[in-house]
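Asks: With chain A held as given, fit chain C onto it using these hints.
Protein chains: 2
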Amino acid sequence: MRVRKIIPACTVLLLLASVCHAQQDPLPSWNDGPAKRSIVAFVSRVTNQSAADGGWVKPEDRVAVFDNDGTLWCEQPLYFQFMFAMDRVRAMAPEHPEWKEKEPFKSLLAGDMKGVMAGGEKGMLEIVAATHSGMTTEDFNGIVKDWIRTARHPKFKRPYNECVYQPMLEVLAYLRANGFKTFIVSGGGVEFMRAFAEHTYGVPPEQVVGSAGVVKFETRDGKPALVKEPKVFLIDDGPGKPVAINLFIGRRPVMAFGNSDGDLQMLQWTTGGDGPRFGLIVHHTDAEREYAYDRQSHVGKLDKALDEATQRGWTVVDMKNDWKQVFPAK
Amino acid sequence: MRVRKIIPACTVLLLLASVCHAQQDPLPSWNDGPAKRSIVAFVSRVTNQSAADGGWVKPEDRVAVFDNDGTLWCEQPLYFQFMFAMDRVRAMAPEHPEWKEKEPFKSLLAGDMKGVMAGGEKGMLEIVAATHSGMTTEDFNGIVKDWIRTARHPKFKRPYNECVYQPMLEVLAYLRANGFKTFIVSGGGVEFMRAFAEHTYGVPPEQVVGSAGVVKFETRDGKPALVKEPKVFLIDDGPGKPVAINLFIGRRPVMAFGNSDGDLQMLQWTTGGDGPRFGLIVHHTDAEREYAYDRQSHVGKLDKALDEATQRGWTVVDMKNDWKQVFPAK
Numbered sequence: 001m002r003v004r005k006i007i008p009a010c011t012v013l014l015l016l017a018s019v020c021h022a023q024q025d026p027l028p029s030w031n032d033g034p035a036k037r038s039i040v041a042f043v044s045r046v047t048n049q050s051a052a053d054g055g056w057v058k059p060e061d062r063v064a065v066f067d068n069d070g071t072l073w074c075e076q077p078l079y080f081q082f083m084f085a086m087d088r089v090r091a092m093a094p095e096h097p098e099w100k101e102k103e104p105f106k107s108l109l110a111g112d113m114k115g116v117m118a119g120g121e122k123g124m125l126e127i128v129a130a131t132h133s134g135m136t137t138e139d140f141n142g143i144v145k146d147w148i149r150t151a152r153h154p155k156f157k158r159p160y161n162e163c164v165y166q167p168m169l170e171v172l173a174y175l176r177a178n179g180f181k182t183f184i185v186s187g188g189g190v191e192f193m194r195a196f197a198e199h200t201y202g203v204p205p206e207q208v209v210g211s212a213g214v215v216k217f218e219t220r221d222g223k224p225a226l227v228k229e230p231k232v233f234l235i236d237d238g239p240g241k242p243v244a245i246n247l248f249i250g251r252r253p254v255m256a257f258g259n260s261d262g263d264l265q266m267l268q269w270t271t272g273g274d275g276p277r278f279g280l281i282v283h284h285t286d287a288e289r290e291y292a293y294d295r296q297s298h299v300g301k302l303d304k305a306l307d308e309a310t311q312r313g314w315t316v317v318d319m320k321n322d323w324k325q326v327f328p329a330k
Numbered sequence: 001m002r003v004r005k006i007i008p009a010c011t012v013l014l015l016l017a018s019v020c021h022a023q024q025d026p027l028p029s030w031n032d033g034p035a036k037r038s039i040v041a042f043v044s045r046v047t048n049q050s051a052a053d054g055g056w057v058k059p060e061d062r063v064a065v066f067d068n069d070g071t072l073w074c075e076q077p078l079y080f081q082f083m084f085a086m087d088r089v090r091a092m093a094p095e096h097p098e099w100k101e102k103e104p105f106k107s108l109l110a111g112d113m114k115g116v117m118a119g120g121e122k123g124m125l126e127i128v129a130a131t132h133s134g135m136t137t138e139d140f141n142g143i144v145k146d147w148i149r150t151a152r153h154p155k156f157k158r159p160y161n162e163c164v165y166q167p168m169l170e171v172l173a174y175l176r177a178n179g180f181k182t183f184i185v186s187g188g189g190v191e192f193m194r195a196f197a198e199h200t201y202g203v204p205p206e207q208v209v210g211s212a213g214v215v216k217f218e219t220r221d222g223k224p225a226l227v228k229e230p231k232v233f234l235i236d237d238g239p240g241k242p243v244a245i246n247l248f249i250g251r252r253p254v255m256a257f258g259n260s261d262g263d264l265q266m267l268q269w270t271t272g273g274d275g276p277r278f279g280l281i282v283h284h285t286d287a288e289r290e291y292a293y294d295r296q297s298h299v300g301k302l303d304k305a306l307d308e309a310t311q312r313g314w315t316v317v318d319m320k321n322d323w324k325q326v327f328p329a330k
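Those sequence lines, one after another, are chains A and C. For the first sequence, this note's numbering begins at 1 and goes up steadily by one. For the second sequence, this note's numbering begins at 1 and goes up steadily by one.
The following block holds chain A by itself, in its conformation from the complex:
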């Protein structure tokens, strides 16, 4: 039996592990209920090649897309990328004495959040532009990684990339174990997310789709460099999500996961295709363990998409009742 000798020990272990795994609950942080059952039923259906209903989906078409803010990680009290930008303004202030007299920086540095918000979207964009440009893409990556390592969420007192939803990490792993390629498709900045997505979610940079600024190729210190400019190139939100999915991924997904009206068109596009399709919305109903918000929220407003979910048969996760646990154990 020469064949046996060829099989390395690790292969045997992997096989044993997958046999054990198949007997375990793939979604242990989910309470047994319609949301969990809809996910498992869908995955079972599309991976069953001999299903009588013809619901099998070829492995190469198993594409699942996930919004990030509010779907994979928390988005309160403000989008984490904006928390990062504000921390950067504080860190960069010594090099920018002019900010002491200039809004929205003046309010921010004085700790006056109401003043910052008074500047509206324009003020927020100024803060993002000032903190997300002028450096190379590689330097920016390092700055984000440092922030992820050192900053703490104001309510949960833990690193931002630990304020991720344990039940959704399980869905990501469960889908990958069933031959899905998992993509992030988020309004957040693509380079911001790539700095932690691989480590935090197991999603490699090339499977992260997001908003992007203009980047310029130039020579710095005699070496080629990519430099971030203070100018928006694409917004991956709302109708921009199916457009970005088409541009970056080039296939219509089979499953889409979101939590707000910014995900509406991505859900419509995904579930509007032929064959089996799955849409899911995370509804933030848990003021105690996380936050409770929907139709009136300034961040992650969920209104139209909640109405369409009923009409179109999308799964709505009731965070309070469907999730045994919200965040990973400390």
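Among these hints, one or two may not hold up.
One copy or two, either will do: identical chains are not told apart, so a pair holds if it fits within one copy or between any two.
[Claimed, not checked] List of simulated lysine-lysine pairs, DSS-like, C-alpha gap at most 25 Å: (1) K216 / K304; (2) K320 / K304; (3) K223 / K155; (4) K330 / K114; (5) K58 / K145; (6) K231 / K216; (7) K301 / K155; (8) K155 / K304; (9) K216 / K301; (10) K304 / K102; (11) K320 / K301; (12) K304 / K223; (13) K58 / K223; (14) K301 / K330; (15) K102 / K216; (16) K320 / K157.
Think of the hints as simulated: they come from the structure by calculation, not from any bench. Bear in mind that the values here come from a model prediction, so they are computed numbers and not experimental data.
Replies: Same frame as chain A, now just chain C:
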């Protein structure tokens, strides 16, 4: 030995196949010479985890990028996408009686290529815009697939996607067998290439990066649709290549393959990183089996990049002498 029972027959076959494979020449269409040896030496180095020189590259960082026109498939007498666009003008002419009086369509329909070329880049863009917009992305995909199936190359009398370089198909397969993710990064249209890249090169849509037009999300016949507009969104050529690599892939590649000055910045960016890096240029030197052109060519001009290749130690493939065979056997 319960373990043995778990191992399915296909696993055994795969293991046997890979053992056999390892003993075979992975690049049989390449003559033994410096080009072939440089590829094999580089791949051996970056996949050898115990190498004393620390040249091992982690599997997740094994990203290789390939230009398409002139690198993976032929680009003469004109870029194939332009041959497609001209065929489309001829097919669409009955619905556009106004083209009979309007340049560059008038010349094209009269078979006057000199007249078409007299319109310069502006005229070519008009032909591309007229044939690449107004339809949904899914309809466009079907149109390209039909063309690939029915059109024939004027010199080689075979489908355009059979005018691909057998030696480069072998490089793609060899790199993938060694844990590389292979990407196409081309000035060609991303949606045009995706219609055949998976079947022709084994490169899935999400690993194809290219130029792109504006796409709009709208509702057609009550269903969500993505519609192509006659407007350029991004040009993936020259300095646009490292920018697009950063946007789509998010990692600096380890290996880059090109053939023209449009690949110069991609080669600079790839080989400008730390650790082992590899750059390769396909030099079209074979007028008999394919075409011979470089510094003076209108399509696929290779001038600056050829000079830099020597300075920077990039491999230059002499098509005539390095390739035993140019195209796959009929």
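Asks: Now tell me, hint by hint, if it's right for this structure.
Replies: Do the hints match the structure? See the list:
no.	hint	in the structure
1	K216 / K304	between (38 Å within a copy, 21 Å between copies)
2	K320 / K304	within (21 Å within a copy, 62 Å between copies)
3	K223 / K155	neither (43 Å within a copy, 42 Å between copies)
4	K330 / K114	neither (33 Å within a copy, 71 Å between copies)
5	K58 / K145	between (36 Å within a copy, 20 Å between copies)
6	K231 / K216	both (11 Å within a copy, 21 Å between copies)
7	K301 / K155	within (20 Å within a copy, 59 Å between copies)
8	K155 / K304	neither (29 Å within a copy, 56 Å between copies)
9	K216 / K301	between (34 Å within a copy, 23 Å between copies)
10	K304 / K102	neither (38 Å within a copy, 47 Å between copies)
11	K320 / K301	within (18 Å within a copy, 62 Å between copies)
12	K304 / K223	between (49 Å within a copy, 17 Å between copies)
13	K58 / K223	between (44 Å within a copy, 24 Å between copies)
14	K301 / K330	neither (29 Å within a copy, 58 Å between copies)
15	K102 / K216	neither (28 Å within a copy, 38 Å between copies)
16	K320 / K157	within (21 Å within a copy, 65 Å between copies)
The structure fails to meet hints 3, 4, 8, 10, 14, 15 from the earlier list, while all remaining hints are met.
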